[in-house]
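Visitor: Residues per chain, in single letters:
2 protein chains.
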Amino acid sequence: MREEIIEKLNEVKAHITKIEELNKLSALAYWDMKISMPKKALEQRSNTLGYLAGEIFKLSTGKEVKGFLDYFMPKLDQLSQTNRAMIKKLKKEYDETKKIPEKTYKEYTIAKSLSEAAWEEAKEKNDFKIFEPHLEKMINFNVEFAKYYGYEENVYDALLNRYEEGMTVKKLDEIFGELKEGILDLLKYIEASNKNINRDFLHDKFKIKKQKKLSKYLLELIKFDGEAGILGETTHPFTLDLGNKDVRITTHYHEDDLLSNIFSIIHEGGHGLYEQHISDELIGTGLEHGASMGIHESQSRFYENIIGRSEEFLKIILPYIKKEFSGFKKVKLKEFYEAVNYVKPSLIRTEADELTYSLHIIIRYEIEKKLINKEIEVKDLPRIWNEKYMEYLGVKAKSDSEGILQDMHWSAGDFGYFPSYALGNIYAGQFLNQILKDNELAITELENGDLSYIDNWLKDKIHKYGARYTPEELIKNVTGEDISTKYFLRYLDDKYKKIYTPL
Amino acid sequence: MREEIIEKLNEVKAHITKIEELNKLSALAYWDMKISMPKKALEQRSNTLGYLAGEIFKLSTGKEVKGFLDYFMPKLDQLSQTNRAMIKKLKKEYDETKKIPEKTYKEYTIAKSLSEAAWEEAKEKNDFKIFEPHLEKMINFNVEFAKYYGYEENVYDALLNRYEEGMTVKKLDEIFGELKEGILDLLKYIEASNKNINRDFLHDKFKIKKQKKLSKYLLELIKFDGEAGILGETTHPFTLDLGNKDVRITTHYHEDDLLSNIFSIIHEGGHGLYEQHISDELIGTGLEHGASMGIHESQSRFYENIIGRSEEFLKIILPYIKKEFSGFKKVKLKEFYEAVNYVKPSLIRTEADELTYSLHIIIRYEIEKKLINKEIEVKDLPRIWNEKYMEYLGVKAKSDSEGILQDMHWSAGDFGYFPSYALGNIYAGQFLNQILKDNELAITELENGDLSYIDNWLKDKIHKYGARYTPEELIKNVTGEDISTKYFLRYLDDKYKKIYTPL
Numbered sequence: 001m002r003e004e005i006i007e008k009l010n011e012v013k014a015h016i017t018k019i020e021e022l023n024k025l026s027a028l029a030y031w032d033m034k035i036s037m038p039k040k041a042l043e044q045r046s047n048t049l050g051y052l053a054g055e056i057f058k059l060s061t062g063k064e065v066k067g068f069l070d071y072f073m074p075k076l077d078q079l080s081q082t083n084r085a086m087i088k089k090l091k092k093e094y095d096e097t098k099k100i101p102e103k104t105y106k107e108y109t110i111a112k113s114l115s116e117a118a119w120e121e122a123k124e125k126n127d128f129k130i131f132e133p134h135l136e137k138m139i140n141f142n143v144e145f146a147k148y149y150g151y152e153e154n155v156y157d158a159l160l161n162r163y164e165e166g167m168t169v170k171k172l173d174e175i176f177g178e179l180k181e182g183i184l185d186l187l188k189y190i191e192a193s194n195k196n197i198n199r200d201f202l203h204d205k206f207k208i209k210k211q212k213k214l215s216k217y218l219l220e221l222i223k224f225d226g227e228a229g230i231l232g233e234t235t236h237p238f239t240l241d242l243g244n245k246d247v248r249i250t251t252h253y254h255e256d257d258l259l260s261n262i263f264s265i266i267h268e269g270g271h272g273l274y275e276q277h278i279s280d281e282l283i284g285t286g287l288e289h290g291a292s293m294g295i296h297e298s299q300s301r302f303y304e305n306i307i308g309r310s311e312e313f314l315k316i317i318l319p320y321i322k323k324e325f326s327g328f329k330k331v332k333l334k335e336f337y338e339a340v341n342y343v344k345p346s347l348i349r350t351e352a353d354e355l356t357y358s359l360h361i362i363i364r365y366e367i368e369k370k371l372i373n374k375e376i377e378v379k380d381l382p383r384i385w386n387e388k389y390m391e392y393l394g395v396k397a398k399s400d401s402e403g404i405l406q407d408m409h410w411s412a413g414d415f416g417y418f419p420s421y422a423l424g425n426i427y428a429g430q431f432l433n434q435i436l437k438d439n440e441l442a443i444t445e446l447e448n449g450d451l452s453y454i455d456n457w458l459k460d461k462i463h464k465y466g467a468r469y470t471p472e473e474l475i476k477n478v479t480g481e482d483i484s485t486k487y488f489l490r491y492l493d494d495k496y497k498k499i500y501t502p503l
Numbered sequence: 001m002r003e004e005i006i007e008k009l010n011e012v013k014a015h016i017t018k019i020e021e022l023n024k025l026s027a028l029a030y031w032d033m034k035i036s037m038p039k040k041a042l043e044q045r046s047n048t049l050g051y052l053a054g055e056i057f058k059l060s061t062g063k064e065v066k067g068f069l070d071y072f073m074p075k076l077d078q079l080s081q082t083n084r085a086m087i088k089k090l091k092k093e094y095d096e097t098k099k100i101p102e103k104t105y106k107e108y109t110i111a112k113s114l115s116e117a118a119w120e121e122a123k124e125k126n127d128f129k130i131f132e133p134h135l136e137k138m139i140n141f142n143v144e145f146a147k148y149y150g151y152e153e154n155v156y157d158a159l160l161n162r163y164e165e166g167m168t169v170k171k172l173d174e175i176f177g178e179l180k181e182g183i184l185d186l187l188k189y190i191e192a193s194n195k196n197i198n199r200d201f202l203h204d205k206f207k208i209k210k211q212k213k214l215s216k217y218l219l220e221l222i223k224f225d226g227e228a229g230i231l232g233e234t235t236h237p238f239t240l241d242l243g244n245k246d247v248r249i250t251t252h253y254h255e256d257d258l259l260s261n262i263f264s265i266i267h268e269g270g271h272g273l274y275e276q277h278i279s280d281e282l283i284g285t286g287l288e289h290g291a292s293m294g295i296h297e298s299q300s301r302f303y304e305n306i307i308g309r310s311e312e313f314l315k316i317i318l319p320y321i322k323k324e325f326s327g328f329k330k331v332k333l334k335e336f337y338e339a340v341n342y343v344k345p346s347l348i349r350t351e352a353d354e355l356t357y358s359l360h361i362i363i364r365y366e367i368e369k370k371l372i373n374k375e376i377e378v379k380d381l382p383r384i385w386n387e388k389y390m391e392y393l394g395v396k397a398k399s400d401s402e403g404i405l406q407d408m409h410w411s412a413g414d415f416g417y418f419p420s421y422a423l424g425n426i427y428a429g430q431f432l433n434q435i436l437k438d439n440e441l442a443i444t445e446l447e448n449g450d451l452s453y454i455d456n457w458l459k460d461k462i463h464k465y466g467a468r469y470t471p472e473e474l475i476k477n478v479t480g481e482d483i484s485t486k487y488f489l490r491y492l493d494d495k496y497k498k499i500y501t502p503l
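One line per chain: the protein sequences are B and E, in this order. Counting with this note's numbering, you get residues 1 to 503 for the letters of the first sequence. Counting with this note's numbering, you get residues 1 to 503 for the letters of the second sequence.
Incorrect hints may appear among the rest.
As the list makes no split between identical chains, a pair holds if one copy fits it or if it spans any two.
[Stated by the list, open to error] Derived SDA-like pairs (lysine to any residue); straight-line CA-CA distance at most 25 Å:
#, residue 1, residue 2
1, K459, E43
2, K216, G177
3, K39, G226
4, K103, T17
5, K13, S46
6, K209, E255
7, K212, I499
8, K40, E227
9, K170, T470
10, K461, S346
11, K459, E391
12, K223, F57
13, K212, S36
14, K13, K379
15, K40, L451
16, K497, Y392
17, K209, H252
18, K216, S80
19, K13, E43
20, K39, H252
21, K18, A53
No lab work stands behind these hints, which were simulated from the structure alone.
Please work from the sequences and hints to get the whole structure.
Guide: Here it is as structure tokens:
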């Protein structure tokens, strides 16, 4: 019996390894498309990506997997923690893919590409009407999918669960409610403070060549392994893993903006470190990825904001920046710190400051939850969007392009994804609290220029486990608590009250 | 019946398309490995390439292909020329792959990687003994394969046929005999001429940045489509196709050598044009590649030597070079032309001049033919190599590394491949003759800076057909003749006697 299980486990792993190989090839084909591929190859490349998606679908939903699941599901308690997680993940993917009738999925694939194209056109022409019918379809497909996936309380839970296992509307309403309240309170404080922050030195020309050198410096500083990853350049920065020895991140360069590259590098670097630190032991289990979108985002945001925008970290990098960019010559650390953490409610999510960012997400969450529950209508979206932006952030989009049309997620049918970004902030706050419990000087000592402690802590407590734990299990294992907004809010409060209290 | 055939043809094409997708992914993974991949990803990438090779093997030798062949082989005369060629190519690959017992092939794969590693070590340590037993094995495997493949007269024919369908020892002995005689005669003439050629201006520093600009200029000049291909940088230049819309070539840059980059670009560009010009109609037939290694090489060598080293072409590019590289300021066209076509027998094949290059190939052909026929022994190779180099080229290697160990081909078991290089020269001479028959000003008018005529001619007569014709059929279709050394030798004679006759 024992021997039979071992043999079967090897078969499962061999099967998962095939799926992972195809996933890697798909990631590689995507990377190449964004970085190198000549223009005219687009159609052919789409065929290749389609071919791979089809093969992955077949391998993930075939009889073989069903056989594995039939065999192992009744025996879960006989398996090691890792093997159990492997089987559960295989089942989750099998269910999610298999439950949707092939015909429906094909229709969805076609509708999705039309929707994405319509969104692009609508954004360009600043005309929500063009996108409206497609968005409607994307919502309907997702409502249908949610029913196939199954849920207990709220139809939207089924979608949330794909990106953040165990997350529900009930929990999110509570968590995001607290978060919103805390941030809005703090915003009021900041707005009342009348503190003047100098950002003049940020309006300068920063040579791309020097920015590229800076990127390398930053990646080395945060301990991104340059022999197990590479840096590329794309309009929208992203991270892609082709295994823990081949993690690829991108950044963008704007001559008139130094901060954008710096914090893209640190953000994507945070995602990248997660992938690089995943244990070799998980290779071939399907668990050699992050635990969830929210946990992944917690790592990028931890690096970007909690580390990257800390006074201690800025103290490390300021001398380097001064040396390379003459406009920074007279900038004092305090000035730099304040400029980097300048808070100003704005329209565009991806350009938001650390504090108001979560409000952008909460707006999207509130809207998509209602869309999926059919509580609001698509045609009313521009109005609803604008009302919420006015209410929470006090800003008004001049056009749909910078309002309801700004993000591509919904056009691609990705409902349930947005919350991950704010969950990342919340988790990051909890991890910070735990790090400081373990070593109260962990952040203070950063100013010595060595990120080893942070690097090892995250690696040992989070990264190396990959997807072995669900986000719920992981946060409990690491901090002893369930998800809680307390620590992130306290961090924000401490930080921004200090900055925005006039001396 | 007609309908059944059409349906079956669609099935074949769908099957070949799958194989082609995997081939493209394999090419992409290889490209990325050479250009981008981080160091530590090597093992994982080898697994990916191994996985793809296995899948391609399965698809190329499976029951499905057998079914197609059983169905179509008796019906070949009912098919169009293209479909017939498609089925024949499928059969050729099926036979070549299927005939070798799986066990033997696995042993070979292992022996091959050991052999490649041993060759590297032997070359580094300048010690043929290290490589000797591995070379022995590679030869034995190839002799065994040749028996599986089958042949009529000479065991080596079976290997030749893999790279150049229809080629035999009998033909090659005759062709290469003529070629050797012609070249040796011409070499004697040149050595007797005592002509002094100035190459001083080639010994200079040529900034890499400017060389990169020059690469782009050259690719545009020869009409390489920059939207259907890209240029990369590797130690050893190569060409890779991911379909006719995505053709990738590489070059190398040496600050002390301008010509190496120039002629690498033109050479690989010639391969690249061939791939870019293959007709869309052939996509999914397995014929969307070059007709043979020899024909492919004829295109790269036609561009590199016949076009690239012509006085007319050099007249186009000299002003550009003068503008970019100050050391060329006073160089006259005639000086440039002579320096580029300077003949000097030397030791290293890849650095040989146009005239003596084929002698390097003939030496390798003579040796590998005897090795496969077991007429000489591996242990005697260094001596045999050195004797032939002395006899044909009058040079003596100071070490095995620059002698018998210089090329990697044999270490990878690639016997029968070397002749392609010289066949390329011969075919190129025949194509030149035909172009001049069609338009006697085709080369003369190059000096106007427009390569359209040549580009269109090669595209319409050769490139667009891909592998629809065997090399034998193609040369006959294009020139009305079988392979013949006459035209290449006449071209060499005309060119080099003019250069080496003192005025």
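Visitor: A separate judgement is required for each hint: does it hold in the structure or not?
Guide: Outcome of the hint check:
Taking the closest pair of Cα atoms, K459 and E43 come within 25 Å of each other only across two copies (23 Å); inside a single copy the shortest separation is 40 Å, beyond that limit. Taking the shortest Cα distances, K216 and G177 never come within 25 Å of each other, neither inside one copy (40 Å) nor across copies (57 Å). In this homomeric assembly, K39 and G226 come within 25 Å of each other (Cα to Cα) only across copies, at 9 Å, whereas the closest approach inside a single copy is 29 Å. For a Cα distance limit of 25 Å, the shortest separation of K103 from T17 across copies, 23 Å, qualifies, whereas the shortest one inside one copy, 28 Å, does not.
Proximity of K13 to S46 under the C-alpha cut-off of 25 Å is restricted to the inter-copy arrangement: shortest distance 18 Å between copies versus 29 Å within a copy. With identical chains, the CA atoms of K209 and E255 are at most 25 Å apart both within one copy (10 Å) and between copies (22 Å). In this assembly of identical chains, the alpha carbons of K212 and I499 never lie at most 25 Å apart, being 30 Å within a copy and 50 Å across copies at closest. Taking the shortest Cα distances, K40 and E227 sit within 25 Å of each other only across copies (6 Å), while inside one copy they are farther apart (32 Å).
For the homomeric pair K170 and T470, the shortest alpha-carbon distance inside one copy (18 Å) is at most 25 Å, but the shortest distance between copies (69 Å) is not. Within a single copy, K461 and S346 get their C-alpha atoms no closer than 35 Å, and across copies no closer than 62 Å, so neither meets the 25 Å cut-off. Taking the shortest Cα distances, K459 and E391 never come within 25 Å of each other, neither inside one copy (40 Å) nor across copies (65 Å). In the homo-oligomer, the alpha carbons of K223 and F57 never lie at most 25 Å apart, since the shortest distance is 36 Å inside one protomer and 41 Å across protomers.
Taking identical chains as interchangeable, the C-alpha atoms of K212 and S36 lie at most 25 Å apart whether they share a chain (18 Å) or sit on different chains (17 Å). For the identical chains of this complex, K13 and K379 are neighbours neither inside a copy (48 Å) nor across copies (46 Å), given an alpha-carbon limit of 25 Å. In this homomeric assembly, K40 and L451 come within 25 Å of each other (Cα to Cα) only across copies, at 22 Å, whereas the closest approach inside a single copy is 44 Å. Proximity of K497 and Y392 under a CA criterion of 25 Å is satisfied intra-copy only: 19 Å inside one chain copy versus 86 Å between copies.
Proximity of K209 to H252 under the C-alpha cut-off of 25 Å is found in both arrangements, the shortest distances being 12 Å within a copy and 23 Å between copies. Neither within a single protomer nor between protomers do K216 and S80 lie at most 25 Å apart by alpha-carbon distance, with minima of 40 Å and 57 Å respectively. Proximity of K13 to E43 under the C-alpha cut-off of 25 Å is restricted to the inter-copy arrangement: shortest distance 18 Å between copies versus 34 Å within a copy. Taking the closest pair of Cα atoms, K39 and H252 come within 25 Å of each other both inside a single copy (20 Å) and across two copies (24 Å).
In this assembly of identical chains, the alpha carbons of K18 and A53 lie at most 25 Å apart whether taken from the same copy (13 Å) or from different copies (13 Å).
Of the hints listed earlier, those the structure fails to meet are numbers 2, 7, 10, 11, 12, 14, 18, in rising order.
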